[in-house]
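Q: Below, each chain spelled out in residue letters.
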Amino acid sequence: MLEVVTPGLLSTIQDAGRPDYADVGVPTAGACDPLALAAANLLLGNDAGSPALEMTLTGPELRVLTTCVAGLAGADLGAHVEDRALAPGATHLLWAGSTVSFRGGSGARAYLSLPGGIDAPQVLGSASTYLPAGFGGLEGRALLPGDRLVPLSPVDPDRAGLRWPDRLLQPAYASSPTLRVVAGPHHDRFARDALDSLRDQDWEVRPESDRMGVRVSAASPLGVRLERGELLSEGMVWGAVQVPTDGQPIILMADHQTVGGYPVLAVVIRADRPLLGQLAPGDRVRFASVTLEEAQQAYQEQQDGLRKVAVRLGRKDPWDLLVDSAAG
Amino acid sequence: MSGAPPSSEPEIRPFGDSALLAVLGDRMDVELNARVHELAGSIRRVRQHGDRRWGTPVAGYCSLLVPYDLEQVTYGEAHDGLLGLIRSLGDATRLFAPSPVVEIPVRYGGADGPDLEGVAERLALTSAQLVELHTANAYRVFLLGFVPGFAYLGPLPRELVLPRRATPRQRVPRGSVAIAGEQTGVYPLETPGGWHLLGRTDAVLWDVHRQPPALLQPGALVRFVAVG
Numbered sequence: 059m060l061e062v063v064t065p066g067l068l069s070t071i072q073d074a075g076r077p078d079y080a081d082v083g084v085p086t087a088g089a090c091d092p093l094a095l096a097a098a099n100l101l102l103g104n105d106a107g108s109p110a111l112e113m114t115l116t117g118p119e120l121r122v123l124t125t126c127v128a129g130l131a132g133a134d135l136g137a138h139v140e141d142r143a144l145a146p147g148a149t150h151l152l153w154a155g156s157t158v159s160f161r162g163g164s165g166a167r168a169y170l171s172l173p174g175g176i177d178a179p180q181v182l183g184s185a186s187t188y189l190p191a192g193f194g195g196l197e198g199r200a201l202l203p204g205d206r207l208v209p210l211s212p213v214d215p216d217r218a219g220l221r222w223p224d225r226l227l228q229p230a231y232a233s234s235p236t237l238r239v240v241a242g243p244h245h246d247r248f249a250r251d252a253l254d255s256l257r258d259q260d261w262e263v264r265p266e267s268d269r270m271g272v273r274v275s276a277a278s279p280l281g282v283r284l285e286r287g288e289l290l291s292e293g294m295v296w297g298a299v300q301v302p303t304d305g306q307p308i309i310l311m312a313d314h315q316t317v318g319g320y321p322v323l324a325v326v327i328r329a330d331r332p333l334l335g336q337l338a339p340g341d342r343v344r345f346a347s348v349t350l351e352e353a354q355q356a357y358q359e360q361q362d363g364l365r366k367v368a369v370r371l372g373r374k375d376p377w378d379l380l381v382d383s384a385a386g
Numbered sequence: 009m010s011g012a013p014p015s016s017e018p019e020i021r022p023f024g025d026s027a028l029l030a031v032l033g034d035r036m037d038v039e040l041n042a043r044v045h046e047l048a049g050s051i052r053r054v055r056q057h058g059d060r061r062w063g064t065p066v067a068g069y070c071s072l073l074v075p076y077d078l079e080q081v082t083y084g085e086a087h088d089g090l091l092g093l094i095r096s097l098g099d100a101t102r103l104f105a106p107s108p109v110v111e112i113p114v115r116y117g118g119a120d121g122p123d124l125e126g127v128a129e130r131l132a133l134t135s136a137q138l139v140e141l142h143t144a145n146a147y148r149v150f151l152l153g154f155v156p157g158f159a160y161l162g163p164l165p166r167e168l169v170l171p172r173r174a175t176p177r178q179r180v181p182r183g184s185v186a187i188a189g190e191q192t193g194v195y196p197l198e199t200p201g202g203w204h205l206l207g208r209t210d211a212v213l214w215d216v217h218r219q220p221p222a223l224l225q226p227g228a229l230v231r232f233v234a235v236g
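Protein sequences, first through last, are from chains S and A.
Under my numbering, the first residue of the first sequence carries the number 59, and numbering increases by one thereafter.
Under my numbering, the first residue of the second sequence carries the number 9, and numbering increases by one thereafter.
No lab work stands behind these hints: they were computed from the structure.
Positions of the beta carbon are idealized from the N, C-alpha and C atoms, including for glycine.
It cannot be assumed that every hint is accurate.
As the list claims (entries may be wrong) - Reference excerpt, derived from the structure (chain S facing chain A, CB under 7 angstroms, subset only): (1) Met59; (2) Val62; (3) Val63; (4) Asp78; (5) Asp81; (6) Pro243; (7) Leu289; (8) Leu290; (9) Gln315; (10) Val325; (11) Ala353; (12) Tyr357.
Said to hold, decoys possible - If you want the ones that stay clear, here's a sample from chain A, every Cβ over 10 angstroms from chain S, calculated: (13) Asp25; (14) Thr82; (15) Gly92; (16) Val216.
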């Protein structure tokens, strides 16, 4: 069990989200980097979508009340227990009385899992926190000092010291990634060269980005054909590159509103949601087109890879995944 | 702008790599929207019968977003499956099966509806006439969105159509009943908002611990009733 000393910039409980209430206006929510959530959980033998702690840019300070094992994945936000660095993509034994802190690093979001998941009530089929409507997670809010993170299963110390085996599945959390997109449903509402103009320049991530969407800007904004009038509100998807009239796109993420009225030029493919979720203000991002078939194949490979690792990690003694003690 | 009548071959567009957009028309129209909800209902039914290829469909005014499981079906298979569901929709008469009408009691004007008098003045009506027009007909839940449980209701009588406020309010109280453009609605939570506030209701539009949590479901009919 862990107790929050300082909560960090934005630390919330997130799981795989609640997709079944979108028709009454409820965003999916859930981890912005679904692959890192899965990795943090599978490392502990949890279900991939179990509730974990999502930490943003500046992580929290956590006091360890009872000795436990934690999984860490996603961005390297500089996790330490006392003065020892904790690598992401691994499990760590945390002794009672010690303090876990985050000293800053790169990327946007890190995930901390506990055995069986973190205890939080299920609301509409998910423990994910949705801040704008104040439900899910811990009382519908971000962590506060004094909150306790309680594991749902007993702690198994043998789970400590495991590392994520597959390098290919650890996405390159570069500060200048390329997101793969497919063409969006409203291409007829854009200038003819809009898709080229999306692909041919660097986009900078703006500070107003949040869990609803990543806002980017570039020297040449995208041309929206205003003479087509306003779009009547319609359903939206995670990854949609929405373009308001100023031509500076918003790429929708986990907390995006279920319907929207801005035209969508392109959609980030599902396999690249993890990279989208790791964009931090000031990062530079590029876009590249792929076909629907390539998008599907990329996602299939990602999921097959996860399942293979899950099988290895699910074995009672996955010795081949032990971290070499000398390497720490 | 009036579009073409719904064609027999609807347009199905990919919306990313794991959803389809069924476009049934291009205007705000009760008949078109009823067809959207009919299609949504038919997808919900096949899901209930164990077809896990589809996700929760999300209605727009004249389109339906239909997520699919890209590990189970290709785009082409999803496209053909959805086209089949659209073709098997009932004829127009079935779309207007009577829905139960949800009545929402509203205290109009005063502190509950701070924009009532100003709006009446702009529309060259008395406050009483405005309330009478707003309560005269049942409205259709075209779609939900913005925040959980917020239903876009319409169409509003032509006499009440007004652009939204030039400056949105930072805080609109929960339960506020409001109009903007051809639409009306009730704020389920305290949120920012740019619509004109005519009154307020004690009806609970959204309760996350209730089943179902949203008072107004897609496609339902709603009537406002003035109370003292």
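Q: For each hint, tell me whether it holds in the structure or not.
A: Outcome of the hint check:
1. Look at Met59 (chain S): its Cβ only gets to about 27 angstroms from chain A, farther than 7 angstroms, so that hint breaks.
2. The interface hint given for Val62 (chain S) is broken, as the beta carbon of that residue sits about 24 angstroms from the closest beta carbon of chain A, more than 7 angstroms.
3. Among the interface hints, the one on Val63 (chain S) is violated; its C-beta lies about 30 angstroms from the nearest C-beta in chain A, farther than the 7 angstroms criterion.
4. Hint status for Asp78 (chain S): holds, given a least beta-carbon distance of 5 angstroms to chain A, under 7 angstroms.
5. Annotation: Asp81 (chain S) was flagged as interfacial toward chain A, and the flag holds, the nearest CB pair being 5 angstroms apart, inside 7 angstroms.
6. At a threshold of 7 angstroms, the smallest CB-CB gap from Pro243 (chain S) to chain A is about 4 angstroms, leaving the interface hint in force.
7. Interface hint status for Leu289 (chain S): violated, as the beta-carbon distance to the closest one in chain A is roughly 9 angstroms, over 7 angstroms.
8. Nearest Cβ of chain A to the Cβ of Leu290 (chain S): about 4 angstroms, under the 7 angstroms cut. The hint holds.
9. A least Cβ separation of about 6 angstroms between Gln315 (chain S) and chain A falls short of the 7 angstroms threshold, and the interface hint therefore holds.
10. A hinted interface residue such as Val325 (chain S) counts as satisfied when its beta carbon comes closer than 7 angstroms to some beta carbon of chain A; here the least separation is about 3 angstroms, so the hint holds.
11. Of the supplied interface hints, the one on Ala353 (chain S) holds, with its beta-carbon coming within about 4 angstroms of a beta-carbon of chain A, less than 7 angstroms.
12. Look at Tyr357 (chain S): its Cβ gets to within about 6 angstroms of chain A, closer than 7 angstroms, so that hint holds up.
13. Here Asp25 (chain A) does not stay apart from chain S, with its beta-carbon only about 4 angstroms from theirs, under the 10 angstroms limit.
14. Some Cβ of chain S comes within 10 angstroms of the Cβ of Thr82 (chain A); the nearest lies about 7 angstroms off, and the non-interface call is violated.
15. Every beta carbon of chain S lies more than 10 angstroms from that of Gly92 (chain A), the smallest distance being close to 20 angstroms; the non-interface claim holds.
16. Distance to chain S contradicts Val216 (chain A) as a non-interface residue, since its nearest Cβ pair spans about 5 angstroms, not more than 10 angstroms.
The structure fails to meet hints 1, 2, 3, 7, 13, 14, 16 from the earlier list, while all remaining hints are met.
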